[in-house]
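Chemist: So the protein lines, in turn, are chains F and Y. Under my numbering, the residue at position 18 of the first sequence is numbered 18, and the numbers go up by one with no gaps. Under my numbering, the residue at position 67 of the second sequence is numbered 67, and the numbers go up by one with no gaps.
Think of the hints as simulated: they come from the structure by calculation, not from any bench. All figures in this text were calculated on a predicted structure; none of them were measured in a lab. Using N, Cα and C, we set each Cβ at its ideal position, and we do this for glycine too. Please note that the accuracy of each hint is not assured.
[Said to hold, decoys possible] In silico contact screen, one side only, chain F against chain Y (beta carbon under 10 angstroms); selected entries:
1) ALA14
2) ALA16
3) HIS30
4) ALA31
5) ARG40
6) VAL48
7) LEU52
8) PHE56
9) ASP144
10) ARG149
11) LEU166
[Stated by the list, open to error] Residues on chain Y that point at chain F, a partial pick, calculated with CB under 7 angstroms:
12) ARG43
13) SER54
14) ALA58
15) ALA254
[Unchecked claim] Distance windows between CB atoms, simulated:
16) Y/ALA222 <-> F/GLY21: 28 to 36 angstroms
17) F/ALA74 <-> Y/ARG76: 16 to 24 angstroms
18) Y/VAL233 <-> F/ARG18: 51 to 59 angstroms
19) F/GLY70 <-> Y/GLN57: 25 to 33 angstroms
20) F/ASP10 <-> Y/GLU41: 14 to 22 angstroms
21) F/GLU5 <-> Y/VAL110: 51 to 59 angstroms
22) F/LEU6 <-> Y/VAL77: 52 to 60 angstroms
23) F/ARG149 <-> Y/LEU106: 46 to 54 angstroms
24) Y/SER34 <-> F/GLY68: 35 to 43 angstroms
25) Y/ARG17 <-> F/GLU71: 21 to 29 angstroms
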Amino acid sequence: MATRELTDADLIHAMAGRDEGALRELYDRHALWISARLARRCADPDAVSDVLQDTFIAAWDGASRFRGDGEVPAWLWGIAIRRLISRLRKRTGFRLGPALVESDAQDISAEERVLLRLENVDVGTAMARISPELRVVLQLTVLDGLNTREAAQLLGIPRGTVKSRLQRARVMMREELA
Amino acid sequence: MSWQSTPTWHLDEATLRAYVDGRPLTIVGASVESHLVDCPECRVRLGELMSHESVDQAWSAIRAHVEAPRPSVAERVLRWCGISADSARLLAAVPAFRGAWLLGVLVVTVFAGVAALFSGDTGLTLFLMVAPLIPVAGVAASFGGDADPAHELVTVTPYSSLRLLLVRTLGVLLSSLPVTVLVGVILPGPIWLGIAWLTPALAGVTLVLLLAPILGTSVPAAAIGACWSLAVVSAARMHDPAAVVEPAMQLVLAGVLVVAGTALVLRYPSLDHLGSHS
Numbered sequence: 001m002a003t004r005e006l007t008d009a010d011l012i013h014a015m016a017g018r019d020e021g022a023l024r025e026l027y028d029r030h031a032l033w034i035s036a037r038l039a040r041r042c043a044d045p046d047a048v049s050d051v052l053q054d055t056f057i058a059a060w061d062g063a064s065r066f067r068g069d070g071e072v073p074a075w076l077w078g079i080a081i082r083r084l085i086s087r088l089r090k091r092t093g094f095r096l097g098p099a100l101v102e103s104d105a106q107d108i109s110a111e112e113r114v115l116l117r118l119e120n121v122d123v124g125t126a127m128a129r130i131s132p133e134l135r136v137v138l139q140l141t142v143l144d145g146l147n148t149r150e151a152a153q154l155l156g157i158p159r160g161t162v163k164s165r166l167q168r169a170r171v172m173m174r175e176e177l178a
Numbered sequence: 001m002s003w004q005s006t007p008t009w010h011l012d013e014a015t016l017r018a019y020v021d022g023r024p025l026t027i028v029g030a031s032v033e034s035h036l037v038d039c040p041e042c043r044v045r046l047g048e049l050m051s052h053e054s055v056d057q058a059w060s061a062i063r064a065h066v067e068a069p070r071p072s073v074a075e076r077v078l079r080w081c082g083i084s085a086d087s088a089r090l091l092a093a094v095p096a097f098r099g100a101w102l103l104g105v106l107v108v109t110v111f112a113g114v115a116a117l118f119s120g121d122t123g124l125t126l127f128l129m130v131a132p133l134i135p136v137a138g139v140a141a142s143f144g145g146d147a148d149p150a151h152e153l154v155t156v157t158p159y160s161s162l163r164l165l166l167v168r169t170l171g172v173l174l175s176s177l178p179v180t181v182l183v184g185v186i187l188p189g190p191i192w193l194g195i196a197w198l199t200p201a202l203a204g205v206t207l208v209l210l211l212a213p214i215l216g217t218s219v220p221a222a223a224i225g226a227c228w229s230l231a232v233v234s235a236a237r238m239h240d241p242a243a244v245v246e247p248a249m250q251l252v253l254a255g256v257l258v259v260a261g262t263a264l265v266l267r268y269p270s271l272d273h274l275g276s277h278s
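With the rest of the complex left out, here is chain Y (with noise of 0.2 angstroms):
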């Protein structure tokens, strides 16, 4: 530091104090802010002439920043999407929004896409009953207590449970339809096979989400897995797995949803206690 251009001479301390009061003439204190500038040992002398109090108190909100964690990738990209501070702390907490599971739905999706590219009513069977089971799934692992690390707080965090059910289910399906859909929609056959197996998929996430306050995530959305893969293995076997999907299946499935998706509105207060079966 010697090499350094410190200055030969030193503010004297009834000079620093009137700086410290803001006695001194605009250009004495000048003067002095220009030598402070430069002179590290007059800016000891100076700071011990003055109470720390403020200066503490504004280091407590900077190491709460830096201390902070900075936002996940997908909660920056919600947050410009417009959506709250909290509404995408949320969202990016669902298991079902981590890159695991994406990666997961992404694997499970495409390896039944083309496997009904290629070997026909086999691996549409396999699409038809893995597409409307993923939502199903993620759902379920969303509210399960044991999938996710934000539960403990969910369960005691005062915030509209309706509010939260629809903000995370609309994460689930946010992050494993346009997947699905996308590969429903290259595949061989009519277009509306791509996309019919939603209306199954809707029912069956409002389906566990109407019986989780009762039985758990878990157990319900086991029960739809097990009588949907029984469905379309059935109708495959009649030769035509795109059967469950037919117009009169539609109708039934619509009705099942609209069904399920007013009592779970009517009794949504009771979704206070969503996941603690599980």
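For reference, chain F alone in the conformation it holds in the complex (with noise of 0.2 angstroms):
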């Protein structure tokens, strides 16, 4: 079978009929990024390696589940993420990523302003002004999809402090935009 032929949603639905080999393809094409992204979340590499396992081995059960209308990538993402969380609420005392951790470094170098004019200039830049633990949590809500109980799992502090924190942010940053 000329699986590079394949989109990622063709592969998915050969995984519902047990095809192993579209599970392979499809591991070898997004098994690195989902590796990095999730490093980038937490500093612990055998954590990192479990939740990538968990991810493809719920992609391979739940295959039959996916509904073709979302894309791919984002679908994978969403399980490797909430994976991570329920992982990480089993135990304490794990290092978050360096994503997550509220650096207060401001350097932003001159490739990385390019990177932010191309992609949506006003909300990077405005998102660069806004003070780091809101920055964090408006990447966890708004770029990861989590709903602010499992970003308050993955970070540890309480609901309603992710709450108040996204509130704050939505009004920086409407006031950074305006």
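Put the two chains together into one complex; each comes in its own frame, and the hints tell you how they fit.
Modeler: Below, the structure written as structure tokens:
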């Protein structure tokens, strides 16, 4: 089977029919970037590896429930981030990855400025200006698509704190974009 | 794929490398991530910058999950009842626990029960002859090497042989007793007749297990079957087949059960050789 020609959605449908070759191809296409993205949220390599396994096992077991209306990368990431949360919930003392550490360093390089301009410059610079703890909450809810309860679990802070930070972040973003 | 909204621009290598190293700020990282979700090309280029080692390791665990056989229905029911995974696998692998055996038990028992309902003493003779021998035959089949696909596995498994024995015997009894008890209870005549055959059944099972290390399981089971059939037929000749399960006989059989059971527990270390004779 010429798997290279198939779309991701075709692969998922083949997986629903228990085609292991399709799973392998899907893994080759997506495991690396999902692993990199997880590593930015969790500094424990073993946990990242476990979550990666769980994600593709869940994709295999749940392939028949995939509705063809969404993009496969977003679907896979949705599984991965939730697996990460449920894993982190079980244990304490884990280290958050660099993307979730509320760093104050604001030196954006020239290349990064170019990138920000390419990708929706206004929102990008506005986000760069708001405070780090607000930005992290905004990133998890808006970009990772988590709800406030899930974001609270991932960051290990109360849900109410996430909600109030999100509220403040929205106000600040509105002011920055006005 | 060309109709899809694949971005017309791409991430440069420095940005991708910084992303892998966890360096760019949250906001730029987020920007990279939303681009990666949409852009297969940049995903491939990102992968080229990464070590594949941990991802390859994770794959072997995924493949193990995918290729593992799904537990059979019986096994999942046992697991659901709180039985450990190991014991569930052992129980489910007991030949007497399989569909063909269960069907055979059902057919024989129902046949004997129906015969007893419609033809009086002759049918009762048949039922009394068959009912106690079903568990005996089940145990014999479960520990005979020829009938057990897991036999080689069992003989080399470092698992308490007494525990294995009890687990598998329990499996046989659970799979054959309920139907037989049910048929026995709906038979005409006193209610105790329906369960009176349990004593000879258990005595027979214990005897087979006791003799198995010396004679294998088939020979004792056949001998017990012959003796029991002879006893039932003789009783029927004397106009009352139920005589073989009357109180006096019950006492004798219970005595056999107790003696054989005690001997079995005392010499269970030799049960390691169970089934090696058949």
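Chemist: What hints, given by number in increasing order, does this structure fail?
Modeler: When the structure is compared with the hints, numbers 1, 2, 10, 11, 15, 16, 17, 22 and 24 turn out to be violated.
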